[in-house]
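Chain by chain, the residues:
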Amino acid sequence: MPERKKRMITTTINGEEITFLCEPRQTLLEVLRDELGLTGSKEGCGNGNCGACNVLLDGVLVNACLVLAPEVEGRELVTIEGIAPGGELTLLQQKFLEHAALQCGICTPGFIVAAKALLDENPSPTEHDVRLWLAGNLCRCTGYDKIVRAVLDTAAALQAAQTTPTEVA
Amino acid sequence: MMGANPKLDPIRGEGSGNGSRPQPSYKVIGTRPIRPDGVDKVTGRALYGADVRFPDLLHGKVLRSPHARARIRSIDTSQAEALPGVKAVVTGADLPTAEDRFEDLGEGGINLRYLSENVLAHGRVLYHGHPVAAVAAVSPHIAEEALSLIQVDYEVLPPVMTLEEAMAEDAPILLEELRTDEMGERGNRPTNVAAHFRYELGNVEEGFAQADLVVEREFRTQTVHQGYIEPQMATALYDQDGQITIWTSTQGSFSVRSQVAEILQIPVSRIRVVPMEIGGGFGGKITVYLEPVAVLLSRKAGYRPVKLVMSRAEVLMATGPTSGSRIRMKMGATRDGRIVAAEAELVYEAGAFPGSPVGSGAVVLLAPYNIPNVRIDGYDVVVNRPRASAYRAPGGTNAAFASESVVDELARKLGLDPLEFRLKNGAKEGDRMANGLPHPKIGYLETVEAIRNSEHYNAPLEGRGRGRGRGVASGYWGNWGGKSSATAVLNADGTVTLNEASTDIGGTRASIAMQFAESLGIPYEKVKIRVVDTDCVSYNDVTGGSRTTFGTGLAAYELGQKMKAAMIQRLADIWGVSPEEVVYEEMVFSAGENRVTFDEAAKLIERRSTPVMVEAEVYGKKYGPAFSTQCVDVEVDVETGKVTILRYTIAQDAGKAIHPAYVEGQMQGGVAQGVGWALNEEYVYDREGHLLNASLLDYRMPTALDLPMIETLIVEVPNPGHPYGVRGVGEVNIVPPAAALANAIYDAIGVRMTELPMNPARLLEAILAKQAQESTQPA
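Listed in order, the protein sequences are those of chains F and L. As numbered in the working numbering, residues 347 to 515 make up the first sequence, in order. As numbered in the working numbering, residues 91 to 869 make up the second sequence, in order.
Here chain F stands alone, though its shape is the one from the complex (with noise of 0.2 Å):
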């Protein structure tokens, strides 16, 4: 019989300190999302493969899903619904509106939390950069075009933004 004897984590999520209970067999999306409530973060497929539990674990990308909970003790972590500072849609939001780079939405999520991940480590991605970097996040409805696009017309705007800072006050 597993162990079931719970533990207390203390973490921080999208900059606020959380303390929750969990047994070491759950994983950081389970609790995210059964325990905290934070049901932004999807579950498709439970070991890594479709990126829809993407979030970032001290500004590194991860899937919820292949960590589990007790490890997040001390950590810093960044889900979809902390994504946006004090709740305006960040520009990369407001691109996969305008581009209709969703279509059913599930994906959506994990897709935004990887793409914000790509722009702070590369502002100018080419096509193939923003392919690489998103194969590990499956959509099976768009088939992705809009969804690149999205990204690059992100990078592309927060790119004349830096250039031109007046825009940006």
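Everything labelled a hint here was simulated from the structure, so no lab data went into it. The model shown is predicted, which means the values in this text are computed figures rather than measured ones. A couple of the hints might just be wrong.
Claimed, not checked - Covered by chain L, per the in silico footprint, the following chain F stretches (three or more residues, Cβ under 8 Å):
| id | region |
| --- | --- |
| 1 | 381-388 |
| 2 | 422-432 |
| 3 | 454-468 |
Unchecked claim - Here are a few chain F residues that sit away from chain L, every Cβ distance over 12 Å (derived from the structure):
| id | residue |
| --- | --- |
| 4 | Gly361 |
| 5 | Glu362 |
| 6 | Leu403 |
| 7 | Val406 |
| 8 | Glu419 |
| 9 | Leu435 |
| 10 | His474 |
| 11 | Asp491 |
| 12 | Ile493 |
| 13 | Ala506 |
| 14 | Ala507 |
In this text, a Cβ means the ideal position worked out from N, Cα and C, and glycines have one as well.
With chain F's structure known, arrange chain L on it following the hints.
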């Protein structure tokens, strides 16, 4: 370079502006607004089926058969029931005996007895993953532990995994009671062939006698899955007063209601189905799997809500898929390029229970062509695989892979451009299809023209015939109209709440709200649209058959007209004039001196007149078929057999694109699925019938890296059966890709692929076979 035909130019595509043809002056239709549910979906706030939470929620898990075929001697659930935290265990014995009756699910139907047997096994299991029992417990982990404590005594039987095995003289019989439906007559001996039908036009023997060239080939396709990213789930609450609520992600809430009612023999009025956001379906979320089980568990667990969520392995093992098939295709043409005869035999896997899409496959097969002499035989065959369910243009991709490959070969051998060949033989309004029905107004030739005039088709392909190739193929899907119900409520601030029941799988809230706004003459932003549950509106068919923007769009159009009339009537009452005197233009109502804006009217009516709520119930019968013609460039690595897609262009007749961005999305998404089916996806079973690749690592769907940008040319040949000309756009795009890719591969390396998927292993085998053949033949 081909010249453009100005008569056939109703095309809108990215970068091509609005086309040259004058269009009706729409204000909303044809624009690209943000979808109403968009913000919730980019912030993670949208609630899908698995996101449902209740304080006293129990979690369910399903025990599945480890065998492809076995008799169940006994099931002992006592140890599982004794595990602390377990609240209920159910088996097939908890289901009422279902009748032998056919239930139409919208995209295909099923015998209720088999539907019930597919939900929980009754004495026999028929595929690896067949549900045998289910548990509800206080946590999903305890439910899973409980599954391992259920003792099932199986008598394992040899499985029947392939069409050949199933149709062999001495084949083991899957369903003892099954008799062949032989063109309407019931057969008299046990069999695995559930049905045989024939479509016949003219006289094929005479037709082939006129042919100067005959091509005959046999094609095979493998079982594939819809591959929606959201696994099936259901949450049910059986109340102490007998009322049942089901929260689920489905293509049809009313279809779930009727299926659960039939399986559990409960009146529909006691069941409320709440459709949650749905994470993809493609036809696979019409049949119920978990909903009746959740209801049974909820009742047995002391009226607590029970949630069941499938794992990805369960999704692949036990839901979907669509049929593998074997198709023999023979076509004859005259020297001058006229197809004079076609003969085909389509044999489709039904899975464990009858009901493959071979019927619609047979219609799709030759629908793009006007062929005088046709004979098509179709066979529906049961095998020990999960029961086939609808998948985007069910049966169409298999069929078009065969017919469009043979059409390509005929054109090549006749020395004709493949698009010229299609234009010469292409179907027009009034031409009869194989099932004898004439085509209504269609835009097939216009899609061929669109590709022929495209930049892509006219651009030279470097290295063509030396590892690179270009292929084209066309496809048909009949679409569907169905029934829709909706209401619209006028709010005092001049907005409208529109309640409809077609679950939104790809942006249909937007396309429905846009049609309503256009009909009422108000901006899109004034419409608040909601997908409501089965207690809120009358019956509504599934989101399937490419019907929603057409069918529920008809309801939206009617709601707009009715609301306009109701507002005019209320204002006439207030102003003491007759309704005929009230003029409505540019969001202003006026009658003589009286003049109010739309917003003022809404406020005035609420203060001084009867509230405005209108309803529409429609049965859309004049739906318009869809055609798609596609062009693809590939590069084949002859060392590895890997195919790289260099460029892809689609032309599709949308009738009228309400929201062009979502029409393009349907085109691109359908092609992406077709590419997966063509190049990679397949179910792999071992000899004992165990599914070996039940994960998204091994069931290899296309990623962003596998595809290029997909260019779209929206052709608009309006459907006369819709006020804005809408045809369905969802399904047809998946029909041509397999054939287009096969034709491109032939163009690249001279190898004719007749089996899907054309993965590196299969393609390399074909390349090596060709090389071996060439080396034995002196040049």
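Review point. Honestly, which of those hints from before does the structure not fit?
Key: Of the numbered hints, 9, 10, 11, 12 do not hold.
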